[in-house]
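*Asks:* Listed below are the residues making up each chain.
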Amino acid sequence: MYDADKIIPGLIVFLIIVLFPYYYTMGRMVPAPKPIKPTKYKKCVEPLSYMRAAHMDILDAWRDEVVRHEKRVYVSSTGKEWDMSLQNECLRCHDNKAKFCDRCHNYLGVKPYCWDCHFEPNKIKELPHKMMTKETM
Amino acid sequence: MSRVIFPLIVVLVLIAIPILGVKVAGLHLLFGVVIPYVAFAIFILGFIWRVIYWAQSPVPFRIPTTAGQQRSLPWFKQSRWDNPFTTGEVIVRMALEVLCFRSLFRNKRIDFRQLPDGTPILRYSPTKWLWAFALLFHWSFLIILIRHIRLATVPIPGPIEFLDHLDAIFEIGLPQLYLTDLTILAGLLFLLCRRLFIPQLRYISLPADYFPLFLIISIVCSGMLMRYFLRTDIVGVKELVMGLVSFHPHAPVKDIGTIFFVHIFLVSCLFAYFPFSKLMHMGGVFLSPTRNLANNSRYKRHINPWNYPVKTHPYEEYEEEFREFMKQAGIPVEKE
Chain X
103 MYDADKIIPG
113 LIVFLIIVLF
123 PYYYTMGRMV
133 PAPKPIKPTK
143 YKKCVEPLSY
153 MRAAHMDILD
163 AWRDEVVRHE
173 KRVYVSSTGK
183 EWDMSLQNEC
193 LRCHDNKAKF
203 CDRCHNYLGV
213 KPYCWDCHFE
223 PNKIKELPHK
233 MMTKETM
Chain H
25 MSRVIFPLIV
35 VLVLIAIPIL
45 GVKVAGLHLL
55 FGVVIPYVAF
65 AIFILGFIWR
75 VIYWAQSPVP
85 FRIPTTAGQQ
95 RSLPWFKQSR
105 WDNPFTTGEV
115 IVRMALEVLC
125 FRSLFRNKRI
135 DFRQLPDGTP
145 ILRYSPTKWL
155 WAFALLFHWS
165 FLIILIRHIR
175 LATVPIPGPI
185 EFLDHLDAIF
195 EIGLPQLYLT
205 DLTILAGLLF
215 LLCRRLFIPQ
225 LRYISLPADY
235 FPLFLIISIV
245 CSGMLMRYFL
255 RTDIVGVKEL
265 VMGLVSFHPH
275 APVKDIGTIF
285 FVHIFLVSCL
295 FAYFPFSKLM
305 HMGGVFLSPT
315 RNLANNSRYK
325 RHINPWNYPV
335 KTHPYEEYEE
345 EFREFMKQAG
355 IPVEKE
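Protein chains in written order, with my numbering: chain X, 103 to 239; chain H, 25 to 360.
Hints listed in this document are in silico derivations from the structure and should not be mistaken for laboratory results. It should be emphasised that the depicted structure is a prediction, and the values quoted were computed from it without experimental measurement. Hints should not be assumed to be uniformly reliable.
Over the 10 Å line for every Cβ pair with chain X, so calculated as not near, a few chain H residues [what the hints assert, rightly or not]: (1) Leu51; (2) Arg174; (3) Pro181; (4) Glu195; (5) Leu198; (6) Arg218; (7) Phe221; (8) Arg255; (9) Lys262; (10) Lys351; (11) Val357.
Below, simulated SDA-like cross-link-like pairs (lysine to any residue); rule was C-alpha separation at most 25 Å, straight line [claimed, not checked]: (12) X/Lys108 x H/Ala210; (13) H/Lys278 x X/Ile138; (14) X/Lys139 x H/Val122; (15) X/Lys199 x H/Glu195; (16) X/Lys201 x H/Arg174; (17) X/Lys173 x H/Gly197; (18) X/Lys108 x H/Glu185; (19) X/Lys142 x X/Tyr126; (20) X/Lys108 x H/Glu195.
Beta-carbon label-pair distances, calculated as ranges [stated by the list, open to error]: (21) X/Met103 x H/Thr336: 47 to 57 Å; (22) H/Ile76 x X/Asp162: 27 to 37 Å; (23) X/Ala163 x H/Ile76: 34 to 44 Å; (24) X/Cys219 x H/Arg137: 52 to 62 Å; (25) X/Met103 x H/Lys324: 14 to 24 Å; (26) X/Ile118 x H/Phe221: 51 to 61 Å.
Glycine included, every Cβ here is placed at the ideal spot set by N, Cα and C.
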């Protein structure tokens with residue numbers, strides 16, 4: 103082999119780059135996130151597998167329906183009616199953002215901008231009294 | 025035309041294999057764990073093998089056919105990045121080549137046309153399309169690869185998260201649209217169309233040119249389908265990937281979505297195919313003798329490594345050997 107003094111370091115750099123996830127993890131087991139599910143309620147708006155993969159579709163569609171068309175009632179695939187509201191409907195059962203939303207989102211590095219406008223359930227109490235209208239409740 | 029159809033059919037078959045394998049045969053473990061491991065191992069070992077194989081060839085001579093003035097007498101201005109003399113200058117030239125595709129930037133087209141009065145003229149005009157779209161494609165691909173690290177690390181390193189955020193900076197739709205998804209598609213379609221529609225290029229294009237294009241296009245499409253249209257259980261996907269990188273592999277969650285298996289199988293094919301194809305230009309660009317050697321042949325002697333020891337017989341030795349005979353024959357000698 104010729105130019106081993108350049109080829110070998112080059113290959114080592116290559117390995118350092120492509121094997122990054124392996125030595126970053128160092129064989130440690132990373133448990134999958136376990137979001138805390140609401141205890142009082144059994145059924146979500148749509149079936150669990152759909153909600154798990156596609157809840158962002160529903161939230162996105164709801165926002166557009168409410169903001170643009172002032173439509174506030176969602177009829178689910180089972181025919182049940184739901185209030186199209188993140189704070190009044192979703193968070194009624196999923197009342198802990200840190201233990202429900204954030205667990206998977208942090209695991210995947212997803213930072214949804216829901217909370218740019220909406221309030222976390224337990225933060226509402228910290229708001230000044232005047233802002234506690236029905237809409238923000 | 026079969027040079028286009030054949031690789032296309034191969035890619036379609038490659039798409040069909042995981043669909044059948046997972047949906048019909050239920051081979052989740054094979055497609056989720058075994059094949060990705062094997063493909064990645066082939067990639068790493070094949071890449072190293074290829075580079076070491078290349079390194080068996082000596083590069084004894086500097087190739088000074090580079091653009092620009094070489095280092096000469098002090099009153100000639102040396103073109104440092106085009107015709108480097110020191111290692112530092114070579115590094116700059118290599119960086120410009122690898123990061124900015126400088127040699128593609130100099131791409132010229134022979135243009136034969138007629139002036140209004142009918143005089144034919146031949147001119148060489150710069151053409152930047154290939155450079156622009158190649159740059160677009162390669163950088164997009166790199167950014168896409170880097171931001172996939174978010175699925176293989178816990179906790180996600182800050183720079184990766186930042187890049188991911190930057191790529192979706194316009195916050196279009198949910199999940200947010202990655203700009204690189206659009207730019208890589210634009211780049212790929214350009215690279216494909218140029219082979220398909222420019223007659224000279226179509227003439228010299230081989231199945232090995234079309235296959236990687238079709239393969240990468242289908243990888244991009246399956247990835248985009250997965251992110252924007254058919255949803256997958258992304259937490260399940262990351263669980264699977266984390267199992268792979270931590271060497272605690274486990275069977276993927278059942279409802280992870282067939283499209284994910286299509287995506288990972290095509291990526292596995294790309295990785296396994298990589299070391300044996302033209303895609304090795306990723307490693308090869310660093311070994312280009314016209315780029316990575318300093319043009320210093322006039323200052324430094326480069327010995328050919330395969331020179332064998334030449335038997336010499338200088339006049340002094342000759343005279344030593346035959347002095348007596350020479351004297352007898354009356355031939356003048358230097359040393360009495």
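*Asks:* So, against the hints stated earlier in the document, which numbers end up violated here?
*Replies:* Hints 2, 3, 4, 5, 8, 9, 12, 14, 18, 19, 20, 21, 22, 23, 26 are the ones this structure does not satisfy, whereas the remaining hints hold.
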